[in-house]
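Number of protein chains: 2
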Amino acid sequence: MYGNEGISDKKTLKSAFDRAVYQVGGHGKRNVEVLKRAFAAIDGQLDSDMYGNGHAMEAFEAKMAGVLGKASAVFFPSGTMAQQIALRIWCDRKGTKRVAYHPLCHLEIHEEDGLKELHGIEPILLADKDRLIGLKDVQRLPEDVSCLLLELPQREIGGQLPPFEELAAISAYCREKGIQLHLDGARLFEILPFYQKTAAEVCALFDSVYISFYKGIGGIAGAILAGEPEFTKESKVWKRRHGGDLISLYPYFLSADYYYEQRIGKMDLYYRQAQELSGLYNRCHHLKTVPDVPVSNMFHVHADIPKDRLEHILIEVYRETGVGLTPALKEKTDQACTFEVSIGDRYGEVPIDRLQLTFELLDHKLRGESF
Amino acid sequence: MYGNEGISDKKTLKSAFDRAVYQVGGHGKRNVEVLKRAFAAIDGQLDSDMYGNGHAMEAFEAKMAGVLGKASAVFFPSGTMAQQIALRIWCDRKGTKRVAYHPLCHLEIHEEDGLKELHGIEPILLADKDRLIGLKDVQRLPEDVSCLLLELPQREIGGQLPPFEELAAISAYCREKGIQLHLDGARLFEILPFYQKTAAEVCALFDSVYISFYKGIGGIAGAILAGEPEFTKESKVWKRRHGGDLISLYPYFLSADYYYEQRIGKMDLYYRQAQELSGLYNRCHHLKTVPDVPVSNMFHVHADIPKDRLEHILIEVYRETGVGLTPALKEKTDQACTFEVSIGDRYGEVPIDRLQLTFELLDHKLRGESF
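Going down the list, the sequences are from chains P and F.
First residue of the first sequence: 1, per full-length UniProt numbering; consecutive thereafter.
First residue of the second sequence: 1, per full-length UniProt numbering; consecutive thereafter.
It cannot be assumed that every hint is accurate.
Given that identical chains are not distinguished, each listed pair holds provided it fits within a single copy or across any two copies.
As the list claims (entries may be wrong) - The list that follows gives simulated cross-link-like pairs (lysine-lysine, DSBU-like), each with its CA atoms no further than 35 Å apart:
1) Lys14 <-> Lys63
2) Lys236 <-> Lys63
3) Lys29 <-> Lys136
4) Lys14 <-> Lys288
5) Lys266 <-> Lys365
6) Lys236 <-> Lys330
7) Lys332 <-> Lys97
8) Lys14 <-> Lys236
9) Lys36 <-> Lys233
10) Lys236 <-> Lys129
11) Lys236 <-> Lys94
12) Lys236 <-> Lys36
13) Lys63 <-> Lys177
14) Lys14 <-> Lys233
15) Lys63 <-> Lys94
16) Lys97 <-> Lys233
Just so you know, these hints were derived from the structure itself, not from any lab.
Owing to the predicted nature of the structure, the values given are computational and were not obtained by experimental measurement.
So that you can see chain P by itself, here it is in the shape it has in the complex (with noise of 0.2 Å):
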């Protein structure tokens, strides 16, 4: 989703979008200039590592685990490895190959069936595409199953979280019956302003954490995934096996540091915005937002009018009020289409009066529509 799939006049929008004075998603531009800014203050004698080996790195790790409140922490160069390796192992300590996780899970949509295609594992898809895992989904669980996912926010349902009763009650209910918990915490520092928690208390209730440096972080790329010391040390194993053993990461775990320290006290105003933001959304005519009010940095707005009405509309927005909202769009039916929505530094860049005046013309070129 949100990909390059099915977005047919993604050129006139995207380019829309990029020629305007302001784009309100994000924290800017993917290009060379991030690596740059890391690393402008980084000592050039500073050593390598080495396949997962070094003081840099190994330090890196250590503080990634203390925030988390893990015991070990391994960095990764990809969230995708990350996770099939926490699964495999879960399910190798169980001796089964069942997991459960959501139906549109990461692992089940983005990555080719890597699950299934390298490890064997075959996924148990609790609850529905357009909900939340409850505890009721969990309790329905068979004993063999070795391991449940849970993403927080779910990002495909437009960044969707359960109340922390609800998690706290599902993570009792696995320790129970000898589940494991892991959390994929792609986006785990955007949601902590709404849970009013710390990284380490959500962490508390799951047995493994899959964190990313990319989404709210803004780094290049790179993952840490966290747990028991046996866990990690198994981990570091099949990193060695998926080919993520790398001689050097140092150019992602050293940028990923330097954002981290740049955005992580910046995770409660992105939240802040998204709310504003969302608000002024759901003010226009034919379009919502979900949820409706945002619980992390993100959500997605759902319009009932055709993708290519849309799209028409938004580009004479962009050109007429110099501010690009979305880059892109995708399709839900013949009479609807949706967009995804996170908010990043450029959001605070947009003059706010500048935005309520994009809204009110987005809003009166809505209201023309017939649909």
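Place chain F on chain P using the hints.
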């Protein structure tokens, strides 16, 4: 081999090596400066690649496809990932799980059995641990073998090479028998001066080719897998499954391109320097090189004295001459040890008279050994 394992006195020899004025092997320290140097002249506004797409990445892949004389090439974070995937694709094509390679193949001894654990592929080990695969070994292969992997040069036996004619005969035999031939070309550029061939001329004998950017080229990390478009397209699906389809790989391929341009013209120099240096080793008592005359920028030194004795002597030599020859030794038996030499930019920095003096002193001390 030549990792951390089994090197008990590593710290002492390593620290004496590091403290020496000159270090004979490699290109220099693997530190952050390697990245900074590569990116100094790259425009910060250059867009990142996005999940394998993007102008800069595609341009580099096309350039390398051209160098290797193949129709298509894909950049990978690691050779471990690229090669497992190549063998998996060839196995799937033939509907078998059997490949063949050397007993000291990288996949067999350095990858925690990823090929077996992730892909269920069973290798046939050809030839012996101390010699190259020859045509006669290949002729004994069973019919259900999908792919033969040849490593040029065979690193773990000092970087040996078959005559080009034998290589051509193996290639012809494999084509006749429907066995795909894959090149582990981690050090492909380093052997071209010996063969007096272009990379494309060597690769023409192979159906798929992997090359590395952090051996002779001296980049940060990264690999290219090349072949027919159908093959490389499939390799991208597997790259995603392995977790190697990172949102951004530019820290690796842009630096790979930079160091490729810096060093591709120096391979003949490294080759001649390796011959010079092996001559100096072979004039020392108790030492001999394998191969006797190097065919690339690398060779192994074998000593028929115990590891701790040679360490002691080397530390004295480094201290007295300011020239460090190797940072580590590997125990072969109680009475013998070995180490690897790879020539890079640092060799040319050592004054030749000082190097000769170093070897005179080394030989003098070795003569005193009663073993």
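So, going through the hints one by one against the coordinates:
In this homomeric assembly, Lys14 and Lys63 come within 35 Å of each other (Cα to Cα) only across copies, at 28 Å, whereas the closest approach inside a single copy is 38 Å. Taking identical chains as interchangeable, the C-alpha atoms of Lys236 and Lys63 lie at most 35 Å apart whether they share a chain (18 Å) or sit on different chains (34 Å). Neither within a single protomer nor between protomers do Lys29 and Lys136 lie at most 35 Å apart by alpha-carbon distance, with minima of 42 Å and 56 Å respectively. When the C-alpha separation of Lys14 and Lys288 is checked against a cutoff of 35 Å, the pair qualifies only within one copy, where the shortest distance is 22 Å, while the shortest distance between copies is 64 Å.
In this homomeric assembly, Lys266 and Lys365 come within 35 Å of each other (Cα to Cα) only inside a single copy, at 34 Å, whereas the closest approach across copies is 64 Å. For the homomeric pair Lys236 and Lys330, the shortest alpha-carbon distance between copies (24 Å) is at most 35 Å, but the shortest distance inside one copy (38 Å) is not. Within a single copy, Lys332 and Lys97 get their C-alpha atoms as close as 34 Å, which meets the 35 Å cut-off; across copies the closest is 42 Å, which misses it. With identical chains, the CA atoms of Lys14 and Lys236 are at most 35 Å apart between copies only, with a shortest distance of 25 Å across copies and 40 Å within one.
For the homomeric pair Lys36 and Lys233, the shortest alpha-carbon distances inside one copy (32 Å) and between copies (32 Å) are both at most 35 Å. For the homomeric pair Lys236 and Lys129, the shortest alpha-carbon distances inside one copy (33 Å) and between copies (28 Å) are both at most 35 Å. Taking the shortest Cα distances, Lys236 and Lys94 sit within 35 Å of each other both inside one copy (19 Å) and across copies (32 Å). When the C-alpha separation of Lys236 and Lys36 is checked against a cutoff of 35 Å, the pair qualifies both within a copy, at 29 Å, and between copies, at 28 Å.
Within a single copy, Lys63 and Lys177 get their C-alpha atoms as close as 32 Å, which meets the 35 Å cut-off; across copies the closest is 55 Å, which misses it. For a Cα distance limit of 35 Å, the shortest separation of Lys14 from Lys233 across copies, 26 Å, qualifies, whereas the shortest one inside one copy, 44 Å, does not. Taking the closest pair of Cα atoms, Lys63 and Lys94 come within 35 Å of each other only inside a single copy of the chain (30 Å); across copies the shortest separation is 48 Å, beyond that limit. When the C-alpha separation of Lys97 and Lys233 is checked against a cutoff of 35 Å, the pair qualifies both within a copy, at 21 Å, and between copies, at 29 Å.
Consistency note: the structure conflicts with earlier hint 3 alone.
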